[in-house]
Amino acid sequence: MILFGLLVGLALLLGLLSLRGDRAIGIYTIESLARLEEPRQWPRATVIVPVKGHDEDLAANLAALASLDYPNYELIVAARDPGDVPAGVIPASALVVYAGDGDPGTGEKVNNLLAATAAAHPESEIFAFADSDGRVQRRWLKALSLALEGPQAGAATGYRCYLPAPPTFWSLMRSVWNSAIAGGFHGGDNRFAWGGAMAIHRETFQRLRVAENWRGAISDDYKLSEAVHKAGLRIVYAPGALVVSADHTRAGEFLRWIQRQMIITRVYDPCLWRLGLFAHVVYCSAMVASVWMAAAQDYGLWGEYALVAQLSLGMLKGTNRAAILKAALPEHEQWFKRHGWVFTWWVPLATWVWLYSFLASAFTSRLEWRGVRYEITRAGTRRLT
22 MILFGLLVGL ALLLGLLSLR GDRAIGIYTI ESLARLEEPR QWPRATVIVP
72 VKGHDEDLAA NLAALASLDY PNYELIVAAR DPGDVPAGVI PASALVVYAG
122 DGDPGTGEKV NNLLAATAAA HPESEIFAFA DSDGRVQRRW LKALSLALEG
172 PQAGAATGYR CYLPAPPTFW SLMRSVWNSA IAGGFHGGDN RFAWGGAMAI
222 HRETFQRLRV AENWRGAISD DYKLSEAVHK AGLRIVYAPG ALVVSADHTR
272 AGEFLRWIQR QMIITRVYDP CLWRLGLFAH VVYCSAMVAS VWMAAAQDYG
322 LWGEYALVAQ LSLGMLKGTN RAAILKAALP EHEQWFKRHG WVFTWWVPLA
372 TWVWLYSFLA SAFTSRLEWR GVRYEITRAG TRRLT
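Following our numbering, the numbering of the sequence shown begins with 22 at its first residue and continues without gaps.
It cannot be assumed that every hint is accurate.
Said to hold, decoys possible - With beta-carbon atoms standing in for the labels, derived distance ranges: (1) V302 to A108: 44 to 50 Å; (2) L322 to W366: 21 to 27 Å; (3) A80 to A272: 24 to 30 Å; (4) P351 to P291: 35 to 41 Å; (5) S88 to E354: 44 to 50 Å; (6) W366 to E396: 35 to 41 Å; (7) F190 to E146: 25 to 31 Å; (8) T385 to A108: 33 to 39 Å; (9) G42 to P125: 41 to 47 Å; (10) S88 to G401: 21 to 27 Å; (11) V312 to S88: 48 to 54 Å.
Hints listed in this document are in silico derivations from the structure and should not be mistaken for laboratory results. Note that the Cβ used here is the ideal one computed from N, Cα and C, for glycine as well.
All chains should be modelled from the sequences, with the hints used to inform the complete structure.
The following block contains the structure:
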């Protein structure tokens, strides 16, 4: 009974703490979007997107990057070689840069980004980075640029939101799993920038020696985030830079993907990984203890009460996440009306999937990205195939 009380009490405390700041994030989101309508001068920018073979809706995703509501920017598509670029997907206005083999001790994506930044127009003041599997909104680049104007802003970041259409079970599960990360971005200094919606002033990029920090790494965003924070600067969240992915996934693909995300987190941000593992061990253990207590029938309804309290807090958090994402993505209101309920009702199941992702990433540093296998450590990256 004592262990049950400790587990449930800790789980409820963590659940309550997770709800703090949701209202502030919602207000920050609305205010940030409103500022995008204010007239201002926008600095020249270079948008860089690495491509590695076919992605669902690749042509449309690249077309969105080529038609941003931004007065003065160039789009660079970066790839290892011409074989990585499917025919007929490159917008006419885009510059294509091939990195070749690059540094064998560096991830292929990072090699592509290094080649693209070196080829950027000399007058570009901002580097913005995108991923090929997401669809940006027209104001995406304005949102990132605006976030860089904040005090002590070292980098700006958006994040991704999976809105599969039509939805499938595993695609929706990916949406719910991923929303736990999306819901953690806020108006202060954020822990990391996400490489699929990330921007930095060129001067800051050079002063912080980001290109040098990238060499030997597989994760562009974690290494850039590390350099920004070491310099005492902030990573500013730009709600208007949320990227929508409408593609689909299957069970095996999804489970390998979340394992890869957590391996990268464990290597590059072990403190964050350990905190997440601890929280999800507590959550899941408390659920098991509550079910066991309810089944034992020796302690009245304490097990049932505890389980309902735990699930209610988690589901409330999921509801808040959905409301904030919906406010940031008004163009997708209909999707949220039809399918937004999963962000609430699937949270208990997603908690166990999160625990799986931590455990699956605990004992290996090997991962696969776009058909290439790597072994990663803090010291560097070794390409296996």
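Looking back at the hints listed earlier, which ones does the structure fail to meet? As far as the earlier hints go, 5, 7, 10 are violated by this structure, in ascending order.
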